[in-house]
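Asker: Sequence:
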Amino acid sequence: MSMFNYGFEDFEEFKDDSRLEDLAAHFEREGSDSYFDSDTLEEIASYYFEQGRFEESLRVVDRSLEMHPYSSDGWMRRGILLNNLGRHHEALEAYDEALGMNPTDIETLVNKGITLDSVDEPEKALLAYSYALNLDPNNDEALFNTGVTLERLNRIAEAVAVFEHCAERNPEHPEVWYELGFCYDRVGREQDSVASYDRHLDIDPYSHDAWYNRGIVLNRITRYREAIDSYDMALVISEEFASAHYNRGNALANLGELREAISSYKRVLEIEGKDAATCYNIALAFEELKLFESSIHYFEKAIEADETYAEAWYGLGCCYDAMERFEEALSYFNRAVVLSPETPDFWHAKADCAYNLGRLPEAANAYRTVVKVAPKNRDAWMDFAETLFESGAVEEALNAYKTALSLKPDCAQTYFHQAKALFALGQPEESIRSLKMAFRLDPAQLEEFPRAYPELFRDKDIRRMLDLDH
Numbered sequence: 000m001s002m003f004n005y006g007f008e009d010f011e012e013f014k015d016d017s018r019l020e021d022l023a024a025h026f027e028r029e030g031s032d033s034y035f036d037s038d039t040l041e042e043i044a045s046y047y048f049e050q051g052r053f054e055e056s057l058r059v060v061d062r063s064l065e066m067h068p069y070s071s072d073g074w075m076r077r078g079i080l081l082n083n084l085g086r087h088h089e090a091l092e093a094y095d096e097a098l099g100m101n102p103t104d105i106e107t108l109v110n111k112g113i114t115l116d117s118v119d120e121p122e123k124a125l126l127a128y129s130y131a132l133n134l135d136p137n138n139d140e141a142l143f144n145t146g147v148t149l150e151r152l153n154r155i156a157e158a159v160a161v162f163e164h165c166a167e168r169n170p171e172h173p174e175v176w177y178e179l180g181f182c183y184d185r186v187g188r189e190q191d192s193v194a195s196y197d198r199h200l201d202i203d204p205y206s207h208d209a210w211y212n213r214g215i216v217l218n219r220i221t222r223y224r225e226a227i228d229s230y231d232m233a234l235v236i237s238e239e240f241a242s243a244h245y246n247r248g249n250a251l252a253n254l255g256e257l258r259e260a261i262s263s264y265k266r267v268l269e270i271e272g273k274d275a276a277t278c279y280n281i282a283l284a285f286e287e288l289k290l291f292e293s294s295i296h297y298f299e300k301a302i303e304a305d306e307t308y309a310e311a312w313y314g315l316g317c318c319y320d321a322m323e324r325f326e327e328a329l330s331y332f333n334r335a336v337v338l339s340p341e342t343p344d345f346w347h348a349k350a351d352c353a354y355n356l357g358r359l360p361e362a363a364n365a366y367r368t369v370v371k372v373a374p375k376n377r378d379a380w381m382d383f384a385e386t387l388f389e390s391g392a393v394e395e396a397l398n399a400y401k402t403a404l405s406l407k408p409d410c411a412q413t414y415f416h417q418a419k420a421l422f423a424l425g426q427p428e429e430s431i432r433s434l435k436m437a438f439r440l441d442p443a444q445l446e447e448f449p450r451a452y453p454e455l456f457r458d459k460d461i462r463r464m465l466d467l468d469h
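At position 129 of the sequence shown (counting the first as 1) the number is 128 in numbering that gives the first Met the number 0, and the numbers step up by one without a gap.
In silico lysine to aspartate or glutamate, EDC-like type, Cα no more than 20 Å apart, as pairs:
no., residue 1, residue 2
1, K435, D458
2, K289, E310
3, K401, D378
4, K265, E299
5, K289, E259
6, K371, E341
7, K265, D305
8, K435, D409
9, K265, E238
10, K289, E299
11, K407, D378
12, K407, E395
13, K265, E292
14, K435, E446
15, K371, E361
16, K371, E394
17, K401, E389
18, K371, E395
19, K375, E385
20, K265, E287
21, K371, D344
22, K459, E429
23, K123, E96
24, K300, E287
25, K265, E239
26, K273, E238
27, K289, E256
28, K407, D441
29, K273, E299
30, K265, E303
31, K375, E395
32, K435, E454
33, K300, E310
34, K300, D274
35, K371, E385
36, K459, E446
37, K289, E327
I should point out that these hints are in silico values taken from the structure, not numbers from a laboratory.
All chains, full assembly: derive it from the sequences and hints.
Answerer: Printed below as a string of structure tokens:
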């Protein structure tokens, strides 16, 4: 939130740097031993303020208040300076002094509201802005800061209404379009958000934050190329803007331009040093390029930065699994499930890996966890059923097939595989019905039948019941 600096902007007509430097130097030399009239003190205070020398400016304002203790403007300026120095409660006391002398001063009410918001008193801040708006219903800064406080309170729809009114009143307001862009994004009005950032950039084309936020919204609505252009503009203005490099990498990755995405991510590491999320994204890009050794290197760097990064352990497992180094893969999947035991993908990967190693009990237990954590995962139920069947737990396998069918009743493959469990349990008629359903749903399963069920295929009675000889 910006400080509304009424009182320190009223002396531009006096601005003469060399003269002001001389006055300031004289004040510093002479201090309380020399006489300065109130106008001169105001000029010196303003000079210090514009240079960001708030302590010196406060000393001058205090000198002026010694001479004119009933100056409401002086007390307001004191409040502004104290706020900028982070001395918020003293600032509020100064504003109250000013309002005690001039209770209808809109500038002081607005600045008091800003400070109240800074000390996490948003409701009191809104009350101060409300007093100001009662005096001047169209005051731009009272409206704008009302919107900012509502935004901080997560009352986004109300903030939008206030910012829209502020924009109607003053379409050249330097910050209102930026805040509208942010709020529209929060309420899912992405197109309006982009348009608002565009309006802000018409006024302030060198706002790297606006270019960046615009890119974020464009990326979210899958306009990736435009998002990249927006990030590029942010980076022209602020070359070391790490977040822009990072999200530029994300947009490039979304377009499948993985090598350029990697370059953007590497710039983040150059700027910020070791960063787990950035190393992880580089690893993902290398993995997608099937450059597994490079991917492993960056997954390991992600883990060096954050050893609790479960996704990175999982990524390592996926790389070793793709390289058919299943023992190593399984060890990494084990780390992932310990760190994130409620993530079904991790358990599923562990189960598949254990299955590939022929460790059927371990695989079955892992699949059992998958379907417990994600009971609507039909593929997991199928894998679980197959593993149980191969382990000899045929009845439990049949129950798993039935659950898979309840989740997807028109799946020919499930009927096809369920048939073997039914046959093994001595239910040949049910097995035949299951096969017929599979062939009806997907005639291509007929081609698979001789390989999957060679004994049944050679049995004349079974072939007759399945109408295979017609």
